[in-house]
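**Q** Chain by chain, the residues run as shown.
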Amino acid sequence: MKIVFKKILQYYLKYIVKIILLIHRPFIIAIAGSSNKIFAKEKIISLLKEKGIDAYSNPKSFNTEIGLPLAILDLPSGYNSYADWLSTVLKAPIQIFKINFPKILVLELGISSPADMKFLLSIIKPDIGVITQITSRYLESFKNIGELLAEYEYFIKKMPKESLLVLNYDNLFIRKMANINKNKVLFFGFSDKADWQGKLLKKDAFGQKILIRHGEKKEEYNLKKYGEHHIYSLLISLIVKEYVSKKEV
Amino acid sequence: MFNRVKNLKLSIIKQIEIEAAKYPNTISLAQGIPSFDTPEGIKKRVENALKRGVVAKYSLSPGLPELRELIEVSLSRENMFYDWQKEIIVTAGAIEAITASILAITEPEDEILIPDPTYTSYREVIILAGCKPIFVPLDEEKGWAFDLEAYKKAITPKTKAIFYCNPNNPTGTIYTRDQLLGLAELAEKHNLFLISDEVYKDFIFTNQPGQPQIFSLAEIPALRQRVIRIFSFSKAYAMTGWRIGYVHSDESIIREILKVHDCLVTCAPIISQYAALGALEMGENDIRRFNEEFKKRRDLICSRLDKLNNFFTYIRPNSTYFIFPKIINYFNKKNFSSWQFALDLLNKIQVAVVPGIAFGPKGENHVRMSFGKSEKDINEAFARIEKIIEAL
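Respectively, the protein sequence lines represent chains A and B.
Count the first sequence with numbering that gives the first Met the number 0 and you get residues 0 to 248, in order.
Count the second sequence with numbering that gives the first Met the number 0 and you get residues 0 to 391, in order.
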């Protein structure tokens with residue numbers, strides 16, 4: 000019963016979202032990867048908002064076959080309550096008539112089993128696709144690493160022609176995938192071969208001091224958060240900000 | 000033989016529970032257990048993990064990456080910034096986090112300052128580590144606040160850490176920002192660690208301006224190499240049986256705690272780590288619901304104590320699900336002690352409470368009552384207490 004309900008819900012939400020996206024045509028930034036999606040998403044939103052760009056992301060990590068539509072619809076999950084799900088189901092079509100639909104959507108794509116990516120990309124067509132990192136996380140649901148990597152290869156393959164790919168240079172698996180299609184690719188990473196390179200200058204009680212190099216340009220940033228993943232998030236968000244500004248979205 | 004454990008005692012709370020088990024009709028206000036079951040969403044998350052076959056193997060010693068990542072997100076929403084890869088360890092409940100932390104930072108004979116009264120097990124863990132617990136009296140007149148002068152006097156060259164529970168068990172006190180900063184100043188001056196156990200931080204009954212609000216020293220960047228903060232899912236999400244919590248601190252400290260954690264448990268139980276994931280993903284509304292319910296029960300237990308104001312006085316708790324009334328008139332005056340009082344209540348009317356002495360010398364003359372129990376249980380326990388008092 001629950002499986003049937005879930006399937007019906009999944010397709011119901013998917014088609015409502017497709018109608019909404021067709022009507023409002025937002026610029027979509029899709030973030031995939033085994034980790035760091037949420038931090039990259041938050042940083043992108045924060046940098047775009049600083050520039051006065053109207054961008055939206057769901058504060059929760061709604062990124063699955065049901066979560067992604069909910070993130071776009073800006074509706075809560077019913078979790079285990081049929082009554083709460085009923086409320087969400089009834090509110091979903093009303094979102095079609097939302098007047099102030101955001102110009103830019105920043106969405107996480109979460110995969111935990113084979114063919115998840117196929118379903119998620121049947122809902123959205125990203126303008127920017129980011130792969131943050133690929134690790135062995137969630138590997139247990141796949142036959143082998145090849146099957147897991149196939150999900151990300153599909154992501155790259157299905158990116159629309161005019162879209163931008165933002166990929167982690169430091170991850171060998173991701174680096175190798177870059178040639179799958181002819182899209183424009185920008186690499187970020189700690190490697191000096193990355194298009195946007197980050198370097199940790201200092202870590203102290205107040206955060207991290209980062210040097211960002213892009214071409215001939217060098218700039219220092221202070222982050223109050225700790226960890227390499229925040230340096231990656233900064234790099235991703237800077238790439239996105241520059242691209243979105245140039246495109247005048 | 001048994002040198003390491005010869006000074007350890009089975010906690011008085013557990014002793015009371017063992018005594019209480021002799022009477023099947025006991026109403027226990029002794030156990031620190033919420034009356035609720037683990038929320039459905041969390042159980043569902045665990046069911047899914049079981050079905051996917053992902054719970055049978057060890058995780059990395061510090062815990063599942065996806066859980067630690069979510070913990071980092073949750074901490075950042077509370078103004079605490081810690082790297083999930085290097086600064087957070089998922090533990091088998093708060094007590095394992097406490098044990099691993101104390102073993103990592105101390106040497107035998109070190110002294111650790113703990114408030115008096117505070118949670119019973121701190122003393123035992125400190126002794127187990129070969130260290131000496133030093134009780135520092137809280138100021139009952141000021142609502143069980145820290146007495147910074149008493150702390151100053153208690154510090155010796157052997158002092159290694161100041162360890163406290165905020166909000167405090169058993170008094171339900173939320174320490175103010177100023178009090179905590181006062182402790183931090185002492186820690187800076189004497190180069191001490193600050194261990195902050197914050198397992199009750201989600202149950203806050205004060206929402207008016209001027210009332211105490213929860214504040215953590217882990218929010219202060221300059222203190223990150225001193226503060227070791229501990230949290231457990233047990234209370235906030237009604238998950239006491241799952242034994243899952245976490246510890247976070249600066250990388251330089253966590254690196255050392257991790258070695259002990261690895262020796263003690265290898266990793267926290269994976270099934271419970273999935274439950275914790277569910278809690279962080281879906282538990283927000285449940286925490287709100289529990290908090291509202293505990294606030295109602297706090298008001299109920301206070302109103303029941305008000306009717307017995309010839310026998311008890313109390314300070315209204317602002318947090319936790321404990322109240323710590325002082326016994327001012329006791330029916331068994333000859334053998335007066337909080338232990339005797341608790342035993343009398345248990346043997347005569349089958350109501351279990353924890354004698355205040357369990358929480359330190361200043362706890363004597365008090366008892367700890369839990370309002371984690373249902374309203375029905377609280378009412379029944381007090382009906383019995385009133386009856387015995389009327390009979391005097």
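Wrong hints could be hidden among the right ones.
[Said to hold, decoys possible] As a list, the in silico DMTMM-like pairs of lysine to aspartate or glutamate whose alpha-carbon atoms are at most 25 Å apart:
| id | chain 1 | residue 1 | chain 2 | residue 2 |
| --- | --- | --- | --- | --- |
| 1 | A | K223 | B | E184 |
| 2 | B | K42 | A | E219 |
| 3 | B | K85 | A | D83 |
| 4 | A | K208 | A | E219 |
| 5 | A | K59 | B | D201 |
| 6 | A | K223 | B | E255 |
| 7 | A | K156 | A | E49 |
| 8 | A | K6 | A | D53 |
| 9 | A | K208 | B | E291 |
| 10 | B | K375 | B | D249 |
| 11 | A | K223 | A | D73 |
| 12 | A | K240 | A | D169 |
| 13 | B | K141 | B | D201 |
| 14 | A | K224 | B | E280 |
| 15 | A | K201 | B | D285 |
| 16 | A | K192 | A | E241 |
| 17 | B | K43 | A | D73 |
| 18 | A | K5 | B | D285 |
| 19 | B | K43 | A | E241 |
| 20 | A | K1 | B | E283 |
| 21 | A | K13 | B | E280 |
| 22 | A | K198 | B | D249 |
| 23 | A | K59 | B | E280 |
| 24 | A | K97 | A | E219 |
| 25 | A | K90 | B | D201 |
Rather than coming from a laboratory, the hints here were simulated on the basis of the structure.
**Q** Each hint should be assessed against the structure and marked as holding or not.
**A** Now the hints, each set against the structure:
no.: 1; hint: K223(A) to E184(B); in the structure: holds, 23 Å
no.: 2; hint: K42(B) to E219(A); in the structure: violated, 46 Å
no.: 3; hint: K85(B) to D83(A); in the structure: violated, 38 Å
no.: 4; hint: K208(A) to E219(A); in the structure: holds, 7 Å
no.: 5; hint: K59(A) to D201(B); in the structure: holds, 19 Å
no.: 6; hint: K223(A) to E255(B); in the structure: holds, 23 Å
no.: 7; hint: K156(A) to E49(A); in the structure: violated, 32 Å
no.: 8; hint: K6(A) to D53(A); in the structure: violated, 33 Å
no.: 9; hint: K208(A) to E291(B); in the structure: violated, 43 Å
no.: 10; hint: K375(B) to D249(B); in the structure: violated, 45 Å
no.: 11; hint: K223(A) to D73(A); in the structure: violated, 29 Å
no.: 12; hint: K240(A) to D169(A); in the structure: holds, 21 Å
no.: 13; hint: K141(B) to D201(B); in the structure: holds, 23 Å
no.: 14; hint: K224(A) to E280(B); in the structure: holds, 21 Å
no.: 15; hint: K201(A) to D285(B); in the structure: violated, 41 Å
no.: 16; hint: K192(A) to E241(A); in the structure: holds, 19 Å
no.: 17; hint: K43(B) to D73(A); in the structure: holds, 23 Å
no.: 18; hint: K5(A) to D285(B); in the structure: holds, 23 Å
no.: 19; hint: K43(B) to E241(A); in the structure: violated, 42 Å
no.: 20; hint: K1(A) to E283(B); in the structure: holds, 23 Å
no.: 21; hint: K13(A) to E280(B); in the structure: holds, 22 Å
no.: 22; hint: K198(A) to D249(B); in the structure: holds, 21 Å
no.: 23; hint: K59(A) to E280(B); in the structure: holds, 8 Å
no.: 24; hint: K97(A) to E219(A); in the structure: violated, 40 Å
no.: 25; hint: K90(A) to D201(B); in the structure: violated, 31 Å
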